[in-house]
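Residues 0 to 300 in numbering that gives the first Met the number 0 are what the sequence shown lists, from first letter to last.
Derived by calculation from the structure, the hints in this document are not laboratory data.
Glycine is no exception: its CB is placed at the ideal position from the N, C-alpha and C atoms.
Treat the hints with caution; some may be incorrect.
Computed list of lysine-lysine pairs in DSS-like fashion (alpha-carbon distance at most 25 Å, straight line) [claimed, not checked]:
| no. | residue 1 | residue 2 |
| --- | --- | --- |
| 1 | K57 | K151 |
| 2 | K145 | K83 |
| 3 | K83 | K113 |
Here are the simulated distance ranges between beta carbons [stated by the list, open to error]:
| no. | residue 1 | residue 2 | range |
| --- | --- | --- | --- |
| 4 | S179 | L219 | 36 to 42 Å |
| 5 | D278 | A173 | 48 to 54 Å |
| 6 | Q180 | E50 | 33 to 39 Å |
| 7 | D116 | Y200 | 36 to 42 Å |
| 8 | T153 | E274 | 37 to 43 Å |
| 9 | Q74 | K119 | 39 to 45 Å |
| 10 | S46 | D222 | 34 to 40 Å |
| 11 | S179 | S259 | 18 to 24 Å |
| 12 | K108 | I27 | 37 to 43 Å |
| 13 | A143 | Q297 | 27 to 33 Å |
| 14 | P65 | A38 | 28 to 34 Å |
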Amino acid sequence: MTSGAIDSDSERVLREPHSDLTCSEMMIGQPEAVFREFAERYEIEFSFTHEQLELFQKEKEVTLGPDQMNELLDQLSAEGGIPKFLEDYASHIPTVCMSLYVINDSLWKLMERKPWDQEKMLAMTTMPYCFWHKDEEKTSNIKAVKRWGLGKNTLSYSVVSHTLEIIGEGGDFAGFIDRSQITLRKFGIPEKRQLIPNYVYQKVKMNVHLKEAKADAHPLPLDYLDYDYSSSAKNYHDHGIHLGVPGESVTLKIEKRKPSKLSGNVHLFIGFKSESEADQLTTLLADIWFWALQRLLQGRN
């Protein structure tokens, strides 16, 4: 990953949580069977409104409101509190998608080399691995982005150190490369010259100290971030969280390189992407986990 000097005067600063959003604008609904199975597995109770029960009778999905989310979280964290819930239940979310953005002057200068959207910052590190591939180039994918499936990774939270850790495999931004170099090397055919983002498949370990973090569950897209070479903004909005933290609060280790602190402001997106109906219980738990992290960082534990 490319780094740069700390930019304390950047116009693009850490974004405050969307406190004006209601939960119904954020969350994705679930069918009654999922809530029933979840209640049995985790030995909790749901309090549904009359309107929600009517939706179940019509076999429609229901979205929980903020008060219901808080009540549910209170039950799940009754024994040890929210920090202990976060620590204990992080391992119940088997894989997460992640996009790490770093905002500083050096990287904005580098973005001027982009052939498109120079005013948008590319992700520096991602899960899953996303990269340019000649065979993906089409009208519906003009940037020829190919996304691998999520590999094994782990998400954890430490009560003692108040830190978040993500370990896994993904893509690391290594600057820009001329696409003709890739096509000549892989396909034996030179073609038109054009700079493209160069992402390298790497082992990633990231530790985030949350003392100064701001949290935004189900975040809306930020207009100065480029989501093309990462998980989509929709994934994070549907089932995810956005953390805004100072760069010095983040330690990143890529493959065999030494761990390093980041420079500037960091936007970290973490989400869970549901692949099938079999994931619905995990999806609901992930939504609650991200809600719990937001609530903790807002000082409501």
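Okay, the hints, checked on the actual structure:
{"no.": "1", "hint": "K57 x K151", "verdict": "violated (38 Å)"}
{"no.": "2", "hint": "K145 x K83", "verdict": "violated (38 Å)"}
{"no.": "3", "hint": "K83 x K113", "verdict": "violated (44 Å)"}
{"no.": "4", "hint": "S179 x L219: 36 to 42 Å", "verdict": "holds (37 Å)"}
{"no.": "5", "hint": "D278 x A173: 48 to 54 Å", "verdict": "violated (32 Å)"}
{"no.": "6", "hint": "Q180 x E50: 33 to 39 Å", "verdict": "violated (59 Å)"}
{"no.": "7", "hint": "D116 x Y200: 36 to 42 Å", "verdict": "violated (24 Å)"}
{"no.": "8", "hint": "T153 x E274: 37 to 43 Å", "verdict": "violated (18 Å)"}
{"no.": "9", "hint": "Q74 x K119: 39 to 45 Å", "verdict": "holds (41 Å)"}
{"no.": "10", "hint": "S46 x D222: 34 to 40 Å", "verdict": "holds (38 Å)"}
{"no.": "11", "hint": "S179 x S259: 18 to 24 Å", "verdict": "violated (32 Å)"}
{"no.": "12", "hint": "K108 x I27: 37 to 43 Å", "verdict": "holds (39 Å)"}
{"no.": "13", "hint": "A143 x Q297: 27 to 33 Å", "verdict": "violated (40 Å)"}
{"no.": "14", "hint": "P65 x A38: 28 to 34 Å", "verdict": "violated (19 Å)"}
Hint check: violations occur at hints 1, 2, 3, 5, 6, 7, 8, 11, 13, 14; the rest are consistent with the structure.
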